[in-house]
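*Asks:* Single-letter residue listing:
Number of protein chains: 2
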Amino acid sequence: MSEDKPHGMPQFGASGRKIVYDENGKPCRTCNTLLDFRSITNNATSKAAAGAAVVTATASVLATNVPSDCPPDVEELGRSTWTLLHSIAATYPEKPTDAQKDNLKTFMKSFSNLYPCFYCADDFREYMNKEKIQVTNRDEFGKWLCNAHNAVNVKIGKPVFDCQLWKERWKDGWKDGRCD
Amino acid sequence: MSEDKPHGMPQFGASGRKIVYDENGKPCRTCNTLLDFRSITNNATSKAAAGAAVVTATASVLATNVPSDCPPDVEELGRSTWTLLHSIAATYPEKPTDAQKDNLKTFMKSFSNLYPCFYCADDFREYMNKEKIQVTNRDEFGKWLCNAHNAVNVKIGKPVFDCQLWKERWKDGWKDGRCD
Chain A
11 MSEDKPHGMP
21 QFGASGRKIV
31 YDENGKPCRT
41 CNTLLDFRSI
51 TNNATSKAAA
61 GAAVVTATAS
71 VLATNVPSDC
81 PPDVEELGRS
91 TWTLLHSIAA
101 TYPEKPTDAQ
111 KDNLKTFMKS
121 FSNLYPCFYC
131 ADDFREYMNK
141 EKIQVTNRDE
151 FGKWLCNAHN
161 AVNVKIGKPV
171 FDCQLWKERW
181 KDGWKDGRCD
Chain B
11 MSEDKPHGMP
21 QFGASGRKIV
31 YDENGKPCRT
41 CNTLLDFRSI
51 TNNATSKAAA
61 GAAVVTATAS
71 VLATNVPSDC
81 PPDVEELGRS
91 TWTLLHSIAA
101 TYPEKPTDAQ
111 KDNLKTFMKS
121 FSNLYPCFYC
131 ADDFREYMNK
141 EKIQVTNRDE
151 FGKWLCNAHN
161 AVNVKIGKPV
171 FDCQLWKERW
181 KDGWKDGRCD
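These protein sequences, in sequence, are chains A and B. All the letters of the first sequence, read from the start, carry residue numbers 11 to 190 under this note's numbering. All the letters of the second sequence, read from the start, carry residue numbers 11 to 190 under this note's numbering.
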């Protein structure tokens, strides 16, 4: 994988974000949003998008009508992965054995080495080096993971989540009963 | 976690499937479908669902209008997890180093120990004991994983996928261009 732009290929997508290319010089699906991926792979639309005035209109056309049996873009991959990770926190024991603690640490470390979006994986490894993973019990890990998720939210301009509420969001559902 | 039915709680959900309860005797969110979870937690509807004739109507009401910020049920968790795993296959190297092979094996083993739906995790560990994981290269792992997914599809009555096509589905998109 590489972030270098191959010769003759655009540097930015319809969203204005830099396009990430794979080792063969193709735009990487799991590293770009579908909108940006499409703005590069769909030539006709890509040409239209070169005029800044039409970028917004183009964006709304490009981002719709995605069949559900297509490879995920970076956003779907992110949503799916946080769903798995927070659910792992939700079912992690309140009093884990040493073996369970070791297994969770091993899982998170190996995960950070093979997450499909390579620059996201780089960022996550950096976070793990800076903020030591907490595996003492369910709540400690749940909050550590919630903080890790928030660090990504800040980076991509999404709202920060109140980590006191992680169990309502990922384990028990909200107290107003809307998840029941 | 336990599959034992606590005293006074129903054994089957609105779908007719057995309800899985957690260690506190509550229905487990990540082990049941949302439909079944709701048929147990929503008392009024649960009583209505006791009459077999209204189960279908009840089912369609129960399964709709789920806020996106609720804990995932067993189906959403499954979809999310396969999305991550197949994407890992799609970006796994064509010529991995020994360290990359070891990391993938470690990841899959630790994953099988902590997957949030405990009876799904039991089945997956059993599959891994029977069908040795293939990590030689991208295509070998992608096909092994596709076969593992198909074993689950068979178990839950879903269609089997043609594993020759795993890269179209999870890496490159379909040749008819509908993913581009």
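These are computed hints drawn from the structure, not numbers from a lab. Among the hints, a few may not be true.
As the list makes no split between identical chains, a pair holds if one copy fits it or if it spans any two.
27 Å max Cα-Cα, derived DSS-like pairs, lysine-lysine [as the list claims (entries may be wrong)]:
hint, residue 1, residue 2
1, 36, 140
2, 165, 140
3, 115, 15
4, 181, 36
5, 142, 185
6, 105, 142
7, 168, 111
8, 153, 105
9, 140, 185
These figures come from a predicted structure and were not determined experimentally.
*Asks:* All the hints need checking, so say for each whether the structure fits it.
*Replies:* Against the structure, the hints come out as follows:
Within a single copy, residue 36 and residue 140 get their C-alpha atoms no closer than 33 Å, and across copies no closer than 37 Å, so neither meets the 27 Å cut-off. In this assembly of identical chains, residue 165 and residue 140 lie within 27 Å of each other by CA distance solely inside one copy; the values are 16 Å within and 43 Å between copies. Taking identical chains as interchangeable, the C-alpha atoms of residue 115 and residue 15 are never at most 27 Å apart, the minima being 36 Å within one chain and 33 Å between chains. Taking the closest pair of Cα atoms, residue 181 and residue 36 come within 27 Å of each other only across two copies (12 Å); inside a single copy the shortest separation is 39 Å, beyond that limit.
In this assembly of identical chains, residue 142 and residue 185 lie within 27 Å of each other by CA distance neither inside one copy nor across copies; the values are 31 Å within and 44 Å between. Taking the shortest Cα distances, residue 105 and residue 142 sit within 27 Å of each other inside one copy (19 Å), while across copies they are farther apart (32 Å). Taking identical chains as interchangeable, the C-alpha atoms of residue 168 and residue 111 are never at most 27 Å apart, the minima being 31 Å within one chain and 35 Å between chains. For the homomeric pair residue 153 and residue 105, the shortest alpha-carbon distance inside one copy (16 Å) is at most 27 Å, but the shortest distance between copies (37 Å) is not.
Proximity of residue 140 and residue 185 under a CA criterion of 27 Å is satisfied in neither setting, with 34 Å inside one chain copy and 43 Å between copies.
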